[in-house]
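Given the coordinates of chain A, assemble chain B onto it according to the supplied hints.
Sequence lines, in order, name chains A and B.
Each number in our numbering corresponds to the 1-based position in the first sequence with 14 added.
Each number in our numbering corresponds to the 1-based position in the second sequence with 1136 added.
What the hints contain is simulated information worked out from the structure, not anything from laboratory work.
C-beta: ideal position from N, C-alpha, C; glycine also.
Hints are supplied without guarantee of correctness; some may be wrong.
[To be verified] What follows is a set of in silico ranges between Cβ atoms, one per label pair, in the way DEER data are often shown:
(1) LEU1210(B) - LEU90(A): 45 to 51 Å
(2) SER125(A) - ALA1407(B): 54 to 60 Å
(3) THR223(A) - ALA1219(B): 38 to 44 Å
(4) LEU240(A) - PHE1419(B): 33 to 39 Å
(5) GLN206(A) - ALA1407(B): 56 to 62 Å
(6) LEU1401(B) - TYR25(A): 54 to 60 Å
(7) ASN1325(B) - GLY230(A): 40 to 46 Å
(8) SER125(A) - PRO1351(B): 51 to 57 Å
(9) GLU222(A) - LEU1245(B): 57 to 63 Å
(10) LEU1398(B) - GLY26(A): 55 to 61 Å
(11) TYR78(A) - VAL1218(B): 28 to 34 Å
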Amino acid sequence: MLEVQDLHVYYGGIHALQGLSLSVPEGEVVTLLGANGAGKTTTLRAIMGLVRPKEGKITLDGRYLLGKRPYEIVRLGLSMAPEGRRIFPDLTVLENLLLGAYARTDTAGISRDLEFVFSLFPRLKERQGQRGGTLSGGEQQMLSVARALMAGPKLLLLDEPSLGLAPVLITEMYRAFARLKSEGRTILLVEQNARAALSLADYGYVLETGRLVAQGPSEELQASDLVRKAYLGI
Amino acid sequence: MATYLQQLLNGVTLGSLYALIAIGYTMVYGILRLINFAHGDVVMWAGYWVFFLVVLFRLPWWLGALCAVVLTALMGVTIERVAYRPLREAPRISLLITAIGVSFLLENLIIVLPWAGGRQKSYPTPGLMTQIYTVGSVRVQGVTIWVPLIAAACLLGLIFLVYRTKVGRAMRAIATDIETTALMGADINRVISYTFLVGSALAAVGGILWGCRYPRLQWDLGIMPGWRAFTAAVIGGIGNIVGAMLGGFLLGLAEILIVAFLPGLSGFRDAFIFAILIFFLLFRPTGILGKPMKEKV
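Only chain A is shown next, with the shape it has when bound in the complex (with noise of 0.2 Å):
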């Protein structure tokens, strides 16, 4: 479903991406693992059409994005959960969600799929009427996936949902990622926490400062020395 070839991204003088390729197929979820300013994030950003690649090549269904604008590329099927959640503390949760269903005009699917964020995360139903800036980091991180989920998108970015959560969080959310995939959901997940981010995935990768170092069915990162003493500290 998304193809990225050969992708190199700079910043200033910085080579943040050298080449990096992978490849989601439709309904799998696929992992992106690796340390902190690995290039993870800005993978993602380059897809979303945030920041500009040098080179390289990103196809949906075989269509071209590179080059496209940001509310194209949710158009042609992507929505993504930023890093930091960044939702919009001033809007309510439920003004929120409905801006995540911005793009679209289908007012049976956009309540349908209200419907389905809500079973998915009960707490975020309780507190449709209140602003986004009162939630805590987990709900804020709920709200933060479920307005990408009102898209409706063919493919789900996921940057580092774990991230800052409790364990019992982490656990919760993880128990919604597990939900998506038994409905057949394609997912790219951006992870640190190895060990959570492959038990859900089919297929991860490993980033090391911009270039893959690894890649395979999860159960073979999990078994591999790179991936057990550098990301699962065995």
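Chain B only, in chain A's frame:
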């Protein structure tokens, strides 16, 4: 008693003019962190559009005024498109200097246009506005009644637009986080154009009504109302739409009350207004309704 009521009405009239103009400052600041110095000149242009259309082209007043609102709104959109959008990623100071440049351009355009020029023109005021209404012992001019009513209708429409419509939701979102609003699938250039459209349309209504209240036209007529409306936006909390309305009414009332009850000080009215501006910038830069401002990353 009658005098109090009379002056109160005058204050509300002036305040509603400031409120209409202050909205444009506050909405643009909220999104671009730009003090749009050209905004007062947009107000002035609205008055001239009425002059061109009604006096030179002999349109009926109401039609001329309506067209003036549309033309002024499009002018605001064009200014953003041509002068501000190319500088969106540039340092704030470049944007600010450009805004000052646009301001001079709009003023000098009036001076060199053969139908306008540097000399005063008299503004076509419709009879409705100069008619005298007598309510009990209070005698008021049409403007004192119609200006607040028209302003209130516009401001209610604005509140509906901003708080109850999809594009309004995007306008509020974009004021806190442009990039994330783009991630929602909103074309941010379009949302910003809408913001300039709405802000300039309200400024146009303000300018047209200003002309009814003070019926002289000159190239510099937008400058002081612009600064006073900017002060109103700061008082209310810059970036806050309801705050701009509140600040406008408070400032209009304060100005009229000073002039009415301390006539010896009326020459200091602008000094007084700028003292308020400085006071707020020093002691409460976020205004009455504003929240502590976070720097955008």
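For this session: Indicate whether the distance between the beta carbons of LEU1398(B) and GLY26(A) respects the range 55 to 61 Å.
Result: holds (59 Å)
For this session: Starting from the range 38 to 44 Å, see whether the pair THR223(A) and ALA1219(B) falls in it by beta-carbon distance.
Result: holds (42 Å)
Exercise. Given a hinted range of 45 to 51 Å, is it respected by the beta-carbon distance of LEU1210(B) and LEU90(A)?
Worked result: Between LEU1210(B) and LEU90(A), where Cβ atoms are some 31 Å apart, the hint is violated.
Problem set entry | Distance restraint hint 28 to 34 Å, applied to the beta-carbon atoms of TYR78(A) and VAL1218(B) | holds (30 Å)
Problem set entry | Supplied distance hint 57 to 63 Å, evaluated on CB atoms of GLU222(A) and LEU1245(B) | Between GLU222(A) and LEU1245(B), where Cβ atoms are some 59 Å apart, the hint holds.
For this session: Kindly confirm whether 51 to 57 Å is satisfied by the beta carbon distance between SER125(A) and PRO1351(B).
Result: holds (53 Å)
Exercise. Can the suggested window of 33 to 39 Å be confirmed for the beta-carbon pair LEU240(A) and PHE1419(B)?
Worked result: violated (59 Å)
For this session: Take a look at whether the Cβ-Cβ distance between ASN1325(B) and GLY230(A) falls inside 40 to 46 Å.
Result: holds (42 Å)
For this session: Could you check the hint for me, namely that LEU1401(B) and TYR25(A) are 54 to 60 Å apart, CB to CB?
Result: Hint holds: Cβ distance 58 Å, inside 54 to 60 Å.
For this session: May I ask you to test the hint 56 to 62 Å on the CB atoms belonging to GLN206(A) and ALA1407(B)?
Result: Given a distance of about 59 Å, which is inside 56 to 62 Å, the answer is holds.
Exercise. CB of SER125(A) to CB of ALA1407(B), is that within 54 to 60 Å?
Worked result: holds (57 Å)
Hint violations for this structure: numbers 1, 4, all remaining hints satisfied.
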